[in-house]
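Enquirer: These protein sequences, in sequence, are chains E, R, V, X, L and C.
Residues in the first sequence are numbered consecutively from 3, following the numbering used here.
Residues in the second sequence are numbered consecutively from 3, following the numbering used here.
Residues in the third sequence are numbered consecutively from 3, following the numbering used here.
Residues in the fourth sequence are numbered consecutively from 3, following the numbering used here.
Residues in the fifth sequence are numbered consecutively from 3, following the numbering used here.
Residues in the sixth sequence are numbered consecutively from 3, following the numbering used here.
Derived from the structure by calculation, the hints contain no laboratory data.
Mixed in with the good hints, there may be bad ones.
Unchecked claim - Straight-line alpha carbon distances no greater than 20 Å define the calculated SDA-like cross-link-like pairs of lysine to any residue that follow:
| # | chain 1 | residue 1 | chain 2 | residue 2 |
| --- | --- | --- | --- | --- |
| 1 | E | 180 | V | 238 |
| 2 | L | 180 | X | 236 |
| 3 | C | 43 | L | 85 |
| 4 | L | 232 | L | 248 |
| 5 | V | 180 | X | 27 |
| 6 | E | 180 | E | 209 |
| 7 | V | 176 | X | 27 |
| 8 | X | 180 | L | 219 |
| 9 | R | 180 | R | 203 |
| 10 | C | 176 | C | 237 |
| 11 | V | 43 | X | 216 |
| 12 | L | 43 | C | 264 |
| 13 | L | 180 | C | 264 |
| 14 | L | 176 | L | 208 |
| 15 | L | 180 | X | 27 |
Note that this is a predicted model, so its numbers are computed, not measured.
Number of protein chains: 6
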Amino acid sequence: MQNTLDGLVGAALAEDAGQGDITTLATVPADARCEAQLVAKQAGVLSGMEAFQRTFELLDADVRDWNARFDGERFEEGDLLATFSAKTRATLTGERVGMNFVQHLSGIATLTAAFVAALEGLPCRILDTRKTTPLLRRLERAAVAHGGGTNHRFNLGDGILIKDNHIVAAGGVKRAVKAARAGAHHMMRVEVEVTTLEGFMEAVRGGAEIVLLDNMDLTTMEQAVESRNKYAPDTVLEASGNATLDRVRAIAETGVDFISVGALTHSAPAADLSLRIANA
Amino acid sequence: MQNTLDGLVGAALAEDAGQGDITTLATVPADARCEAQLVAKQAGVLSGMEAFQRTFELLDADVRDWNARFDGERFEEGDLLATFSAKTRATLTGERVGMNFVQHLSGIATLTAAFVAALEGLPCRILDTRKTTPLLRRLERAAVAHGGGTNHRFNLGDGILIKDNHIVAAGGVKRAVKAARAGAHHMMRVEVEVTTLEGFMEAVRGGAEIVLLDNMDLTTMEQAVESRNKYAPDTVLEASGNATLDRVRAIAETGVDFISVGALTHSAPAADLSLRIANA
Amino acid sequence: MQNTLDGLVGAALAEDAGQGDITTLATVPADARCEAQLVAKQAGVLSGMEAFQRTFELLDADVRDWNARFDGERFEEGDLLATFSAKTRATLTGERVGMNFVQHLSGIATLTAAFVAALEGLPCRILDTRKTTPLLRRLERAAVAHGGGTNHRFNLGDGILIKDNHIVAAGGVKRAVKAARAGAHHMMRVEVEVTTLEGFMEAVRGGAEIVLLDNMDLTTMEQAVESRNKYAPDTVLEASGNATLDRVRAIAETGVDFISVGALTHSAPAADLSLRIANA
Amino acid sequence: MQNTLDGLVGAALAEDAGQGDITTLATVPADARCEAQLVAKQAGVLSGMEAFQRTFELLDADVRDWNARFDGERFEEGDLLATFSAKTRATLTGERVGMNFVQHLSGIATLTAAFVAALEGLPCRILDTRKTTPLLRRLERAAVAHGGGTNHRFNLGDGILIKDNHIVAAGGVKRAVKAARAGAHHMMRVEVEVTTLEGFMEAVRGGAEIVLLDNMDLTTMEQAVESRNKYAPDTVLEASGNATLDRVRAIAETGVDFISVGALTHSAPAADLSLRIANA
Amino acid sequence: MQNTLDGLVGAALAEDAGQGDITTLATVPADARCEAQLVAKQAGVLSGMEAFQRTFELLDADVRDWNARFDGERFEEGDLLATFSAKTRATLTGERVGMNFVQHLSGIATLTAAFVAALEGLPCRILDTRKTTPLLRRLERAAVAHGGGTNHRFNLGDGILIKDNHIVAAGGVKRAVKAARAGAHHMMRVEVEVTTLEGFMEAVRGGAEIVLLDNMDLTTMEQAVESRNKYAPDTVLEASGNATLDRVRAIAETGVDFISVGALTHSAPAADLSLRIANA
Amino acid sequence: MQNTLDGLVGAALAEDAGQGDITTLATVPADARCEAQLVAKQAGVLSGMEAFQRTFELLDADVRDWNARFDGERFEEGDLLATFSAKTRATLTGERVGMNFVQHLSGIATLTAAFVAALEGLPCRILDTRKTTPLLRRLERAAVAHGGGTNHRFNLGDGILIKDNHIVAAGGVKRAVKAARAGAHHMMRVEVEVTTLEGFMEAVRGGAEIVLLDNMDLTTMEQAVESRNKYAPDTVLEASGNATLDRVRAIAETGVDFISVGALTHSAPAADLSLRIANA
């Protein structure tokens, strides 16, 4: 919902404003207006445009001539991503917050797009993880989607993922799967994380509908795919662990259906964008 | 204050919990306990330990045997950073949130330490910027300090930084400085951003106590330092723009007092840490 | 998490306290204590005990000798459900709020138990719906579980349920199912609501993993079950609409797997419970 | 105030939306519009129309052609209670929340109207109680008024009601009344709850301006009314306890001025209403 | 309730702390403790001690040796009002906020006590008004009570006060009184504000139970009292307007029951108190 | 930011509204409109006009013909400060809250103006302090500015002020100044509070850029000024303590640069303003 985004942007503005932008208030007349241009200083994929826009709109009810590219669009160095006119005060005061959102999120979309491109022609898809920045998960997941990635479960409450500790505590895979099913509603599938081929077979026999192959080497993953194809063709396979840009295509070529990549959201560098402001 | 950190950690837990960790609730008995170890999988500098700790304490009032290294300490690959015992449910449910905090913040501290190390032996200091992740500024600034960096102004309300648009709007540097001083309390110094040598001299003549040399090449910065030493020895010089690890020592050798580096907070990759959980 | 319940109870106390319980503050000494007993005036199933308890604990940090039956337990008329001693002021001020919680939620658990009892010996299960009281969904769902019912999806974000309007908008069942799958994570199953036998077959062919038979007569439901058994044995069947206590067993006997009952949460009368307070 | 209602509706929407209505977002185009009709499937009295309306308006700033009956109006089975057109997404996403409000509140108004009708021709009035659903008191009281009932005190802070425990703690009725008067402002009347005829006379002598006859049988109530008429004609009499629809007229005929009925708000079944949505 | 006070004190601390007490954090070791003494530098009446205490307790969970006088007690210049020991950081950081509360509120209690003293021996009582500082009404009303004053209605929702504009809008006093009674619960008395003798008689005839004589001269007030005594002995009389310390006894001597004084809360100078801190 | 003011005004309205303005709702038709005039009953300086205006606008989206004087303007007794038309209900319900803001804040502006006038012709300026009413600091500081005063630091986080306890804890002035500088950003000046001439010289030698002369007699202040002029001409001098209207000019004549006056915000009597409402 709209007001959630506004709540987030408003909190970011409050964080950055403190008692008010004393420099701008002192030097810029209240009624001065300016033209602003968001410019790309590198190639990439756009994300965060709505947060960027709302930043200025929350500070100035009269932002005009808004013209912007859409989230998910590719851009080249030098491209104009957005132009608008607004009160100069609002523009200067909001600049850093708006840029923090759009640079961070476009950085994630851009890195995701690189991973997706590395799999070109293969049926395998890139997934995000819960390794997101605290309080920004919704926006960061959207950024992954803008970059062409696929979203994993949103949080601990809307998907079942059984890991080793759960299995030990429950007394075996079969028991863990059964307990998880009973504790969730009937619209959820059960995913089990394994690290060995034996674990994989146990998970399938235990009732896993999706199996997460964690930190396996390529050979083991190939064997898991082969077993899946032979014994449990409906089982979905997801790979995780050490999925760098260099290595991701090789992982996909083992035949897994999904590869989840924590770096998309926890280590993407900010996109290099710049805001040019011209006093009107 | 303590409750601010708790508020942040609590919001992150709520974001990740949704309607509850259905997998853990279904598979792990309510009274089961476990031992947990936070382990480094790379060398670095620690930050975010308090957020990490509070994550588990908010979920379990009876966390025991807490033993942890301090924020700001260096660690090597394989080092044990924290150990504790807690309810297994709390540990599994809090794992991702606690790790998201400590990995993100230790990533910032580690990158900062690399920049600080690059200036070894020089009087110049590394500053952070307002290019922080929305809602995490306080923690990210602390991480910069843990890495040996120095904090810039917290927000728009507690420091005066006059940029080009302010100068144009106010009708010249002198007027902008005077207006800013009148609009702020008497305990603040005035900083002016310039991009040319002429701008630098105007700023000094206009009353700037600190001058920010933005995106200047090394030769121009050297000339600015020379002018400062001759005509305005009390003026503090800060450099910004394009301060990569490769280039930062050369910038410092021009004689500037501070170098501000946006990448510390907007592009630091997460530190590679891992949580090992052993059912008790 | 604990603090969510406390937040809810605290808001209910604020709603009922206004500027303070002027009667009690004026007539009861600050240090007076009393004994309180929660007594059943009808048979039923308990729910809401934690909210009841927290009501008094939020008003008095020194509630003593707490002794209570557990949520989910059956009780008879005259049974003692909880006893405790506390400050008289806290007990009188909190009485109404605590009772409002435990009577409302025990009413839901009691009605649910009646529906569950009506299906005794059949494999069919009773589901709740999203027809809950605004802001009380979490507690009301727990009450359904305490009464022996099964929870449906929590909200619009953690389950896919495709209804007629979605199908028309998407251009057919097949398209709607495909679009829904693409928009959700890979851990969710897809449910489709139908009202006719033709609709049922289309849903199955379109890829529905669960089919909701809405407002069908018994004969049509039987035919749907028969078709499912023959052509799509893995498909789960849920029935909804007009499931009164009189009629619910007949519905279950058609062979559907689940029956969802809105009345559990929107029309359960409050359980008749009473709080006896004896000045100590 | 308007924003309080919006806050409540917004919280209910957030509770029901979770991470977003994934079914509707995936299947319905963003710009599709539809016509919606709120239809009565039983006779009753309307309440909650504003909450119903705000639900859709919070999700869609462009709801059009709003046409609705007013709170407090009677309706028959088959009546059209509201029609509007809106974005299809907003309509489908808001449907359950809007219906939860209007069905719950119309249920209360409808039950209240039945109690009021049972007293036709008598001067006695039906009162609500503080036995309301946590967080919904304001709306539920309004629903009682829409049904023709009269509101009792809003909360513990805006009316004095002295019960047995207060009397014992204060050392007698007279002391309790005096203390309560001193603790409240001079614009409040004092009400005392009694269960016997002796208690009634003591209350009157003690200064009660209103006496609540709790759980008395009809004969005792008649005697209390007689005493009131003779000795304390200005004293107002309220009856409470076991006031079912069957019995309420007999209670009123004893001559009491008010009868308070907890069931109005704690046990009213939801009104049977339905939302028809036609894709435009 | 306790948590309301904590909420208020916490908000005041946040307002005063900004990003943290940089002076104290930099100069005072984290484990240093100190002794603090709250000393009166004038005579007066104490109020706000709980807010003062909570200020330090919210900053330091280990405040020790708390010893303080009670709200409502008179003190002389030089008196020790409170002593405690705490962390030096917490004491220095909380000092201003704690003092702002206790000085402001003791100022109100002290001014109130002066008004009450001026009426010594007369049956008339001093009332506060709704002319309070935004967000501090609850504490300021308590301060009035500590000074010996009596509280008027808390807000617009818990008392009926009909003014000239209401009378005109309703079409006469009688109609206004009747409408107000119907709109409020049966536990409220109706007060009507008048400015003339004619208005007074109309109000009485219209059913006012309390009459507010606003801005009348002493002679007119005497006549109103005389009329009251003769024609409506149960009617309560309140005087307002221009009730200075010099004039308040003369007003009381007219025979009115209450005098309301806005200055108690809107114009009381802060009490002159001082906090002495001795490093331990 | 606008929404902060609205948040504050909204909270004040909620505090004063309780469950709603029952008198006005009962007596005034929903569509009645009125004309309102804010009139000065004393001379003074205006402040708080925006809070006054927002009070009515939050209650009525259709306030018309707004015409008001600006904050900071002087007014005479009898002057019209604002006129507007609005719904009668909104005007009557908002009256007290709007008046509480504008009277309180204009009282502060008016008292400040008196202090500023007392220094006419001298280069010394009047400062406010942190002795503000909890939660109103931002508005009260604005009021001081409207009265011609100058604002001191906003809170503990945006200025360094070293007091005696800090000096003792840090082990001397020099150490305290050094520590404070290291703990703050490079855009802040350091202020040190002293009470003696010796303290003053130590502070200067220790690196203080501003010295606060607390509670000194006039002779000592003159000597401090003399020393400053001779030895540390760039050092700024601020005086505090006992700065009454009678004495403030004498303090300024010693040559200090600033005088801080707590009474501006903690003891200013409310301005005498009145709202005339004429039913339209």
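Enquirer: Hints broken by the structure, by number, lowest first?
Expert: 3, 4, 8, 13 and 15
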